[in-house]
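Visitor: Sequence:
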Amino acid sequence: MKKIHALVLMLAGLVLAAGCATPFDFQGFTRDGLFPCLHPDTQLTETVFVKAPYQENDTQRARLKLYYKGWLKNHSMTVDVSQRAGLVKAEVLDDTAVLPSLRKCRYLVGWQPWPQSE
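Residue numbering for the sequence shown is 578 to 695, as defined by this note's numbering.
No wet-lab data here; the hints were simulated from the structure. Where a beta carbon is used, it is the ideal one built from N, C-alpha and C, also for glycine. Some hints here could point you the wrong way.
[Said to hold, decoys possible] Quick list of the computed label-pair ranges, beta carbon to beta carbon: (1) Gly-687 with Lys-650: 29 to 37 Å; (2) Gly-647 with Arg-683: 17 to 25 Å; (3) Thr-599 with Thr-673: 16 to 24 Å; (4) Gly-647 with Pro-690: 16 to 24 Å; (5) Ala-662 with Ala-629: 19 to 27 Å; (6) Leu-649 with Trp-688: 15 to 23 Å.
[Unchecked claim] Calculated lysine-lysine pairs in the DSS-like style (CA-CA distance at most 27 Å, straight line): (7) Lys-681 with Lys-642; (8) Lys-650 with Lys-628; (9) Lys-681 with Lys-650; (10) Lys-666 with Lys-628; (11) Lys-681 with Lys-646; (12) Lys-666 with Lys-646; (13) Lys-681 with Lys-628; (14) Lys-628 with Lys-646; (15) Lys-666 with Lys-642; (16) Lys-642 with Lys-628; (17) Lys-666 with Lys-681.
With the hints as extra help, turn the sequences into a complete structure.
Guide: What follows is the structure in structure tokens.
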């Protein structure tokens, strides 16, 4: 009986610990951090999850499709976003309006703090 009681308490603790983790706002990050860094002169129109957020060890990950208005036509890009311990990084998988000079975004280089401290 003591073993069952200990097992129930352990499982309850794991459920509580898992529930305490605050989900990362992937859409907010792509809207307010990543997209302005990549395409500062264009307007983001829609953000859609291609792969829903999921947990992998200590890292939360998601794949998103971003739709935006270019100067001449509408464009889209697919990005993978990873977050852990207040740090975030991204990888652009495809972009219909690739401009090499805009690829110098800090979020593509490595782990960066988010949100940015003011």
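Visitor: Give a verdict on every hint.
Guide: Taking the hints in turn, this is what the structure says about them:
no.: 1; hint: Gly-687 with Lys-650: 29 to 37 Å; verdict: 32 Å, holds
no.: 2; hint: Gly-647 with Arg-683: 17 to 25 Å; verdict: 23 Å, holds
no.: 3; hint: Thr-599 with Thr-673: 16 to 24 Å; verdict: 33 Å, violated
no.: 4; hint: Gly-647 with Pro-690: 16 to 24 Å; verdict: 30 Å, violated
no.: 5; hint: Ala-662 with Ala-629: 19 to 27 Å; verdict: 21 Å, holds
no.: 6; hint: Leu-649 with Trp-688: 15 to 23 Å; verdict: 35 Å, violated
no.: 7; hint: Lys-681 with Lys-642; verdict: 20 Å, holds
no.: 8; hint: Lys-650 with Lys-628; verdict: 26 Å, holds
no.: 9; hint: Lys-681 with Lys-650; verdict: 23 Å, holds
no.: 10; hint: Lys-666 with Lys-628; verdict: 16 Å, holds
no.: 11; hint: Lys-681 with Lys-646; verdict: 20 Å, holds
no.: 12; hint: Lys-666 with Lys-646; verdict: 24 Å, holds
no.: 13; hint: Lys-681 with Lys-628; verdict: 25 Å, holds
no.: 14; hint: Lys-628 with Lys-646; verdict: 23 Å, holds
no.: 15; hint: Lys-666 with Lys-642; verdict: 16 Å, holds
no.: 16; hint: Lys-642 with Lys-628; verdict: 9 Å, holds
no.: 17; hint: Lys-666 with Lys-681; verdict: 13 Å, holds
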